[in-house]
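Position chain F against the provided structure of chain B, taking the given hints into account.
Residue numbers (UniProt numbering), protein chains in the order written: chain B, 1 to 290; chain F, 1 to 327.
Quick caveat, the hints were computed from the structure, so don't treat them as lab data.
In this text, a Cβ means the ideal position worked out from N, Cα and C, and glycines have one as well.
Wrong hints could be hidden among the right ones.
Label-pair distances were calculated between CB atoms; the ranges are [as the list claims (entries may be wrong)]: (1) F:Ser131 with B:Ser161: 39 to 45 Å; (2) B:Asp134 with F:Ala9: 42 to 48 Å; (3) B:Arg127 with F:Ala97: 56 to 62 Å; (4) F:Thr8 with B:Glu75: 43 to 49 Å; (5) B:Thr188 with F:Ala9: 39 to 45 Å.
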Amino acid sequence: MTTDDLLTVSQFSVSYDVTPPVEAVRDVSITVRRGEILGLAGESGCGKTTLAYGIQRLLKPPAVITSGSAVFHDESGDDIDINTMDDAQMRAFRWEKASMVFQGAMNALNPIITIGAQLQDVFSTHRPAMTRRDRKLESGRLLDLVGVGSARLRSYPHELSGGMRQRVMIAMALALKPQLMIMDEPTTALDVLVQREIIEQISDLRAEFGFSVIFITHDLPLLLEISDRIAVMREGRIVEIDTARNLYQNPQNDYTRRLLASFPSLTGERGGFVRRPGPSTLATDAGGMF
Amino acid sequence: MRFFLRRTAFYAFTAWAAITINFFLPRMMKGDPVSAYLQKNQGRISPEAIDSLRTLFGLDSTKSLFEQYIDYWQLLFSGDLGRSFSKGLAPVTDVIASAIPWTVGLVGIATVISFVVGTSIGAYIGWRRGSKADGIVPVATFFSTVPYFWMGLIAIAIFSTTLGWFPASHAYDKGTQPSFTLEFAGQVIQHGFLPALTLVIGSLGGWILGMRNMMITVLDEDYVTVAQAKGLKPSRVLVNYAARNASLPQLSSFAMSLGFIVGGTLVMELVFSYPGAGKLLLDATTAKDYPLMQGLFLVITLTVLVANILADVAYAILDPRTRQMEA
Numbered sequence: 001m002t003t004d005d006l007l008t009v010s011q012f013s014v015s016y017d018v019t020p021p022v023e024a025v026r027d028v029s030i031t032v033r034r035g036e037i038l039g040l041a042g043e044s045g046c047g048k049t050t051l052a053y054g055i056q057r058l059l060k061p062p063a064v065i066t067s068g069s070a071v072f073h074d075e076s077g078d079d080i081d082i083n084t085m086d087d088a089q090m091r092a093f094r095w096e097k098a099s100m101v102f103q104g105a106m107n108a109l110n111p112i113i114t115i116g117a118q119l120q121d122v123f124s125t126h127r128p129a130m131t132r133r134d135r136k137l138e139s140g141r142l143l144d145l146v147g148v149g150s151a152r153l154r155s156y157p158h159e160l161s162g163g164m165r166q167r168v169m170i171a172m173a174l175a176l177k178p179q180l181m182i183m184d185e186p187t188t189a190l191d192v193l194v195q196r197e198i199i200e201q202i203s204d205l206r207a208e209f210g211f212s213v214i215f216i217t218h219d220l221p222l223l224l225e226i227s228d229r230i231a232v233m234r235e236g237r238i239v240e241i242d243t244a245r246n247l248y249q250n251p252q253n254d255y256t257r258r259l260l261a262s263f264p265s266l267t268g269e270r271g272g273f274v275r276r277p278g279p280s281t282l283a284t285d286a287g288g289m290f
Numbered sequence: 001m002r003f004f005l006r007r008t009a010f011y012a013f014t015a016w017a018a019i020t021i022n023f024f025l026p027r028m029m030k031g032d033p034v035s036a037y038l039q040k041n042q043g044r045i046s047p048e049a050i051d052s053l054r055t056l057f058g059l060d061s062t063k064s065l066f067e068q069y070i071d072y073w074q075l076l077f078s079g080d081l082g083r084s085f086s087k088g089l090a091p092v093t094d095v096i097a098s099a100i101p102w103t104v105g106l107v108g109i110a111t112v113i114s115f116v117v118g119t120s121i122g123a124y125i126g127w128r129r130g131s132k133a134d135g136i137v138p139v140a141t142f143f144s145t146v147p148y149f150w151m152g153l154i155a156i157a158i159f160s161t162t163l164g165w166f167p168a169s170h171a172y173d174k175g176t177q178p179s180f181t182l183e184f185a186g187q188v189i190q191h192g193f194l195p196a197l198t199l200v201i202g203s204l205g206g207w208i209l210g211m212r213n214m215m216i217t218v219l220d221e222d223y224v225t226v227a228q229a230k231g232l233k234p235s236r237v238l239v240n241y242a243a244r245n246a247s248l249p250q251l252s253s254f255a256m257s258l259g260f261i262v263g264g265t266l267v268m269e270l271v272f273s274y275p276g277a278g279k280l281l282l283d284a285t286t287a288k289d290y291p292l293m294q295g296l297f298l299v300i301t302l303t304v305l306v307a308n309i310l311a312d313v314a315y316a317i318l319d320p321r322t323r324q325m326e327a
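Isolated chain B (complex conformation) (with noise of 0.2 Å):
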């Protein structure tokens, strides 16, 4: 069983050492496996990104990790901690076994490099050795393989739509063939049509590749078609985490009951509308509209 394990993140918490300090990641355990999609799901702010980043040692000052540690089983057998790494050791270990695809279709590409630059950046940083003709064709076979075509390698980012801007950045995550793939709402930005693509996308890259992927979301309906196992969050917490037909069919948790409820149903009765206690001022408001 462990050596199916990939990632395992023991009691990782992050704060923001802002007044008063801000715990956004607290004491989470988390374990993902060999070539699962693992869903994050939870409401803005409840630390999903965060962690993600932490993971990734991504994270930006006023944000501390204060405890925990990310240990990432690689294929050759090897366990790397991730917070003992020195920033070489990092920057050798980001892309090439970890990637990641953004939140932000719209700025995750530099807007003044063309495409072709951006995803041969990452051969010329981990393949020194490649010649820069198999740069170039490498790149163009991977902007290929999502649909974009290798004719785009010299298109700048403003030249794409929305949806061509997340594929590109799907087919960089994949440029080193990593073994997970952290995926932060990539489908937020997008019409249901493009996003519905982008999931089958990335459903059927990793059927090929066989990768993992955490994907962080909070579309739990989307979640509980895609992933293996979802892992329910609130205020830093993991309230939750079960294979996806166990989580839908049983919730444990109060809170992901409520969650599962506040999504509308196609059938069925009009549901109540969930928000969290505290003076409703929405209410008396409109109210007073009439």
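Chain F in isolation, oriented as in the chain B frame:
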């Protein structure tokens, strides 16, 4: 291509407007150059000389304003800007041509150095925000808020009068003839060092501050995080991702400051008695030397225009988004 034509048309119109205003402005002022010249040399000029002076300055009043305007353009294209009577009736073009190289050489080099050094320091400080390097900002800002003439005088007092390292004024030693020898070049550098240094110190703060602030904005962009997540070397992230984007607004300010080289250094040239265009403009104004003023205004306007064109071109090369209009 249409983008190019539109820009060209715009600049042509601006140049025409500037030159036309330059034609009308002196004519709207009280008095004419000849009367001013006569006043300066009271009683020493014969009536015949007055007539020939009027002809020389194109003021023989039989011509209509429109005819004068046409003549003005013809003269302009033949490179004739009239004669300067504060400089012994020498052609204005020659007078300006003897001053411009000094200004453009000295101030141009100082501006480029200041821009390059200031932008680099600003990029570094922005990159290492919160570190000790931030301490440079208040120091640099202090120097750019100090009145320039005061800083110039202090520099002269310390480095020239007290230490005697550099000469206090002029572009080269008195009594030497400008020539392309090593010795003369050495003199020019020695004389230009203090003015250039004070100019750089005085303008550095603006470049540092502007670049640092842009860096801080750009560093929060997703593409910088992506570059870091890709495992790129910090130097590469800094140069190719952060600084390259952050320097775009700097570039247009740089082009603008290039445009102000000719007209904007009056104080420096006064403090260091430097024989440049700024000092020439001041001399022309005090002497009411209209042809010379007019010529200088023309040169200043045209340099600002050229600088604008350069900024446009640089922007189009460095930021592909501005080129989008072309399609």
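Here is what the structure says about each hint:
For the hinted restraint 39 to 45 Å between Ser131 (chain F) and Ser161 (chain B), the CB-CB distance of approximately 40 Å keeps it satisfied. The given range of 42 to 48 Å is respected by Asp134 (chain B) and Ala9 (chain F), whose C-beta atoms sit roughly 47 Å from each other. A hinted range of 56 to 62 Å for the beta carbons of Arg127 (chain B) and Ala97 (chain F) is consistent with their spacing of about 57 Å. The given range of 43 to 49 Å is broken by Thr8 (chain F) and Glu75 (chain B), whose C-beta atoms sit roughly 60 Å from each other.
At about 44 Å, the beta-carbon gap between Thr188 (chain B) and Ala9 (chain F) stays in the expected band of 39 to 45 Å.
Checked against the numbered hints given earlier, this structure breaks only hint 4.
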